[in-house]
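**Student:** Model the full assembly from the supplied sequences, consistent with the hints where possible.
Line by line, the protein sequences are chains E and D.
The working numbering applies: residue 1 is where the first sequence begins, and numbers increase by one.
The working numbering applies: residue 1001 is where the second sequence begins, and numbers increase by one.
Just so you know, the hints here were simulated from the structure itself, not pulled from any lab data.
Any given hint might turn out to be false.
[What the hints assert, rightly or not] Label pairs and their calculated CB-CB ranges:
#1 E/189 <-> D/1232: 50 to 56 Å
#2 D/1389 <-> E/10: 45 to 51 Å
#3 E/140 <-> D/1280: 35 to 41 Å
#4 E/140 <-> D/1229: 47 to 53 Å
#5 D/1265 <-> E/10: 25 to 31 Å
#6 D/1316 <-> E/187: 40 to 46 Å
#7 D/1229 <-> E/189: 52 to 58 Å
#8 E/217 <-> D/1359: 32 to 38 Å
#9 E/65 <-> D/1265: 42 to 48 Å
#10 D/1443 <-> E/70: 43 to 49 Å
#11 D/1232 <-> E/172: 15 to 21 Å
[Stated by the list, open to error] In silico contact screen, one side only, chain E against chain D (beta carbon under 8 Å); selected entries:
#12 9
#13 11
#14 18
#15 19
#16 53
#17 80
#18 81
#19 82
#20 99
#21 101
#22 102
#23 104
[What the hints assert, rightly or not] Sample of chain D residues facing chain E (criterion: CB under 8 Å; computed from the structure):
#24 1189
#25 1217
#26 1238
#27 1241
#28 1256
#29 1259
#30 1261
#31 1262
#32 1264
#33 1266
#34 1267
#35 1280
#36 1306
#37 1341
#38 1344
All C-beta atoms, glycine included, are put in the ideal place defined by N, C-alpha and C.
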Amino acid sequence: MRILLVEDDRLIGGAVRDHVAAANHAVDWVQNLVDADAAARPVDYGLILLDLQLPDGSGVEFLRRLRERGLKTPVIILTARDQISDRIDGLNAGADDYLVKPFHLDELEARIMAVARRYDANPHPVLRISDIEINRPLHQLSVAGETIILTSREWAVLDLLTARPGAIVPKDRIEEALYAFGSEIESNTVEVYVSRLRKKIGKDRIRTARGIGYTLG
Amino acid sequence: MKRERSITGPLILALTTVMVVFWLAAIGLSVRVMQQEFDEIFDSAQQETTERLLALILDDLNQNTNIDPRSIAMLNTAASREYLTYQVRDPSGKVALRSNDAPAEPFDAPLRTGFHDTATARIYTEMTADGSLFLQVADRFKNRREAVRESSLTLLIPLIALIPVSIFAIWFIVGRALRPIETLRRDIGTKDSGNLAEVNGQNLPVELRPIARSVNLLLGRLRAALEAEREFTANSAHELRTPIAGALAQTQRLVEELPPGATQDRVHQVEISLVNLGRLAEKLLQLSRAEAGIGGSSTAVDLRPVLDMVVTDFQRDSRTNGRLQYSAAHDAKLVRNADMDAFGIVTRNLIENALLHGDPELPVNVSLESGGIIRVVNGGPLVRDTEMASLKKRFSRGKTTASGSGLGLAIADRIIAQMGGTLELSSPATGAKTGFEAKVTLPA
Chain E
1 MRILLVEDDR LIGGAVRDHV AAANHAVDWV QNLVDADAAA RPVDYGLILL DLQLPDGSGV
61 EFLRRLRERG LKTPVIILTA RDQISDRIDG LNAGADDYLV KPFHLDELEA RIMAVARRYD
121 ANPHPVLRIS DIEINRPLHQ LSVAGETIIL TSREWAVLDL LTARPGAIVP KDRIEEALYA
181 FGSEIESNTV EVYVSRLRKK IGKDRIRTAR GIGYTLG
Chain D
1001 MKRERSITGP LILALTTVMV VFWLAAIGLS VRVMQQEFDE IFDSAQQETT ERLLALILDD
1061 LNQNTNIDPR SIAMLNTAAS REYLTYQVRD PSGKVALRSN DAPAEPFDAP LRTGFHDTAT
1121 ARIYTEMTAD GSLFLQVADR FKNRREAVRE SSLTLLIPLI ALIPVSIFAI WFIVGRALRP
1181 IETLRRDIGT KDSGNLAEVN GQNLPVELRP IARSVNLLLG RLRAALEAER EFTANSAHEL
1241 RTPIAGALAQ TQRLVEELPP GATQDRVHQV EISLVNLGRL AEKLLQLSRA EAGIGGSSTA
1301 VDLRPVLDMV VTDFQRDSRT NGRLQYSAAH DAKLVRNADM DAFGIVTRNL IENALLHGDP
1361 ELPVNVSLES GGIIRVVNGG PLVRDTEMAS LKKRFSRGKT TASGSGLGLA IADRIIAQMG
1421 GTLELSSPAT GAKTGFEAKV TLPA
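**Tutor:** Next up, the structure:
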């Protein structure tokens, strides 16, 4: 999943970015609202982690503007404000969850998965498609009972494909997810990673919708 | 017990006393004037009577030498007793004639024209032109006093009837006059940390408006001070939590990235210390908020969603291991004049206290009863009475070995008191032989 992290504190931002990336998510980290707005406009993020007290304004106002624009991306607020009224404000503005600092990074990861599951068509953490079993929170994959190891980029592609099994995932969305890992995106990068996935989970598992994208199942 | 001083009672007493005293003084003055006027009238009548009687006596003496004094017309023939008595005396003082009630002995008055007072009567003496006879007419003081007494009584009787009527009238008038003071008193009396709204001075009398203005000025300063204090604690919370959160997150990453071994263990110890530091900072900030008087509120708030939210937070926390059980009566309502953030702090502390100090193998039950009573019950050994007494004190940890701050119950108790409610701690828990119970009752 590609995640936008909006956090002005370098210590927290760095640790959260590393932890979330270690959990095989692609993370874009920005430190103010202007950059957050610039990042959120062109890219369809799977999740936004949003601090409330930012140098150029209030995170709640930013969130309200996102929702007014019709953006449905799930948002988890990360804040040092622990009051019930702050939380109600955040949730009313359109946040999906609220985590008070200081928090345990594992707790953050659990919340990310819980929110992601809520947005998935299949909310169960373990997804089965014929003989493929995918445990997304633990990043475990097995095909016909045999454990398969995937790279972060391969997980990013699989996450998108399993988010809505049977639905076509546009090629540019897969491109965006891979772009967050920082490497150069060539014209055939998506095809390369789809091809790698096909080799690991079975050639016929991923079908190509010509000129549109790919579908799992 | 010292009696509370009131304005109304002493005012009614003072006004009634002053009125009665003035009334009595007025009556006294009237009686005095009346007595003088009566004396003049009586003297004038007595003198005139004497002069006419003397003329009649002389006339009778000229016509009949054997005069019978009883044949002389008396001033008061109808009455059984005479108001005026007389003696006709010769120049030697001997009584020649006298009226029925007149003493046989001569009056103790000189034979000289004019008034003379004896011990019992006022006597007027008139003599014939040739000085051969003296007529002395006596008017007893008793009669005069009786007239004055009866007139005075006539003035006093209405006063006796008027005193209770006056008290009632004064009470009514004073009550009406003091009503704006009572309204202002009640209005000021409702002010506390939860209600610092301005006093309405528009409809007050001019005498009271400066008081309302001063109170509003004071309330304004208090509001600003409390707001500044709350703002400060909120900003402090952010400023204090952020670096701790940063250090903790970096430490957690370090634990993840280090290979298992002594170094990782050491970093893990640092992580635990940072968690404890974060918890202590949070408690101190909560205590600071409690000291700022955040509990009360002038508006009623539904606190049930707050309780639900806090309980859900704990239930989602993996560290509670599913120990937290929550039940709420279907008709339970919790709409109270309390600040929702303060209520959140209270419930969080009570649940945290139960989870931390209760038996980790036993559940913690949070219940909301239909009357709005909240109970937080945990299992565990009995808490001694001596420990119970000190649990609400700051930095009191009792005999527990758990790593609490010793502030949770003190914070909860302080805030609940600001809400006008009570926090009752008991061990064993209600209906059990062991365990600990915290019962919160907030006024409806």
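**Student:** Return the numbers of the hints above that this structure violates; sort them in rising order.
**Tutor:** Failing hints, ascending: 8, 11, 20, 24, 25, 29, 30, 31, 32, 33, 34, 35.
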